[in-house]
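**Q** Let the hints inform the model, and build the full structure from the sequences given.
The listed protein sequences derive, respectively, from chains A and B. Just so you know, we're using my numbering here: the first sequence kicks off at 1 and counts up by one. Just so you know, we're using my numbering here: the second sequence kicks off at 1 and counts up by one.
Rather than coming from a laboratory, the hints here were simulated on the basis of the structure. Backbone N, C-alpha and C fix where the C-beta goes; we use that ideal spot for every residue, glycine too. Just so you know, nobody snuck in bad clues.
Straight-line Cα separation of at most 25 Å, BS3-like style, residue types lysine-lysine; simulated pairs:
1. K185/B with K98/B
2. K10/B with K112/A
3. K185/B with K107/B
4. K3/B with K112/A
5. K101/B with K185/B
6. K135/A with K237/A
Short, incomplete list of chain A residues facing chain B, as computed with Cβ under 10 Å:
7. I11
8. I15
9. T17
10. V104
11. Y105
12. L122
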Amino acid sequence: MVEHRPLNDIIAYAILTLGVFIVAFPVYLALIASTHDAATVVGGNMPLRPGGHALENYYRAVFVGGSRTSREPVGHLLLNSFISATGIAVGKIFISILSAYAVVYFRFPLRKTAFWIIFITLMLPVEVRIYPTYKVVADLHMLDTYAGLILPLIASATGTLLFRQFFMTVPEELLEASRIDGAGPFRFFWDTLLPLSVTTISALFVIQFIYGWNQYLWPLLITTQDSMQTIVTGIKKMLTTTDELAEWQLAMATAILAMLPPVAVVVFMQRLFVRGLVETEK
Amino acid sequence: MEKSVVFNNKLLPCLLLVPQLIITFVFFYWPASQAVWQSFLREDAFGLTSEFVGLENYQSLFVQPEYYASMLTTLIFSSLVAVLSLSIALLFATQADKNLKAASVYKTFMIWPYAVAPAVAGVLWFFMFHPSLGTLARPLRWMNFDWNPLLNGNHAMILVVMAAVWKQISYNFLFFLAGLQSIPKSVIEAGAIDGAGPMRRFWTIIFPLLSPTTFFLLVVNIVYVFFDTFGIIDAVTGGGPAGTTTTMVYKVYADGRLGGDLGGSAAQSVVLMVIVIALTAIQFRYVERKVQY
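**A** Structure representation (structure tokens):
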């Protein structure tokens, strides 16, 4: 810093503290609401201190489900979210590392064409072609399956671009050296390139896991059975009950559970996540 | 930067590309082309027969007052969210860029909303501002302010904007902070030696140097508001009350799913595609320029 004035620091701390407050307050309220009983929450005078019903609420949300409606217990939806988010992350890494390897380390006819075919997918998010994609998935009998939740969401080029960029920075001497050692394309990929890519792979995993976990419109559309929902789509259904009194304390417990895994991933993998994010967006 | 040392195999690279190409064709090109094709068809109510009607779907789209309303809603919603989330994030980023001891702690606390699903963010804000049980709706009631996002369109818009901004601050904060930290300290010191105060330095030195980041974020934010906020709108207002929070993406969903009008919905998708492609083209031109620096 150029000049150092204590007042300057105090203002900075004050503004940042306000920022953290704004960012944290909605979540704090949800946490509090998830520890009170229904009457306290719905009464409109919920205290700002935790109540004594936390265990009961979380137990009901995870294992029993709501009483007024026949909603699925959230435990099952958490599992669905885990499977589809992990599937999206792993699937995307798998298809894109292979295609990036092909495009960077080989010369073959139509190489540029193949790259552009993949590249163009960046332009249209799934939301825009939602019904036709739904129809394709229905025709392939993939409604209410994990394949249907996962495959359409990995059809985009972000991963391929990230790996391509990274492979470009790998020194050529490494390939020369492995070839002198007699390594073929498989050996080079497995023994040299893959170990070097660990950071990129992890960063992409973090970003794609969060992306997959937070999907809303797609799972909403292709799951017809409550048992195949993800937790993010399930939470809204807890609020749309036929009678007015939604069970807000359970909905808030669900919101907290829906936030925990992706937030934990971001907080613990912060450095990787930030690097991966800045690199994919470039 | 092409590699000069490569493998000579011709078949292997094609095999490596197969998984991605299959998925891309089945789940991207086929549906995208179907969206365009469908926009020229009219299906009967049961989806049994369809007939080629040319541009009729587009014509009926552009005489619908609701469509213009959704365009206007999208415009208002996206500009509010983009401007607010960018300026708030910039304020926080400039503070976190100062040499504070606790800067990294603050950074961790600021970035995690990135990981919260938009729909969950919407539910949290809905809970806070729920007209009868919301903790923050209480003070409004005491002030005799008739706050009701369930009935009042403007209130509903304010609520979805707040949730969308809250969710997006962390993302913009990260990029602004990275941008600020890449500005050489010597430039700022030079400004200080010339007698420029902190405000003056910000507007004449820092802000212009940040403009590439700002422009990039503007484009990314608009795309975010277009698509990712679907979850917020669906969870908080369901496009209501009376269509006041129905954005273009939400209308594609609502017309196709609830209205059963696939041709009209497809025509809307195509219009959206054109808008997104135009936005992306702008972004790429900008990225090209940035690479040359």
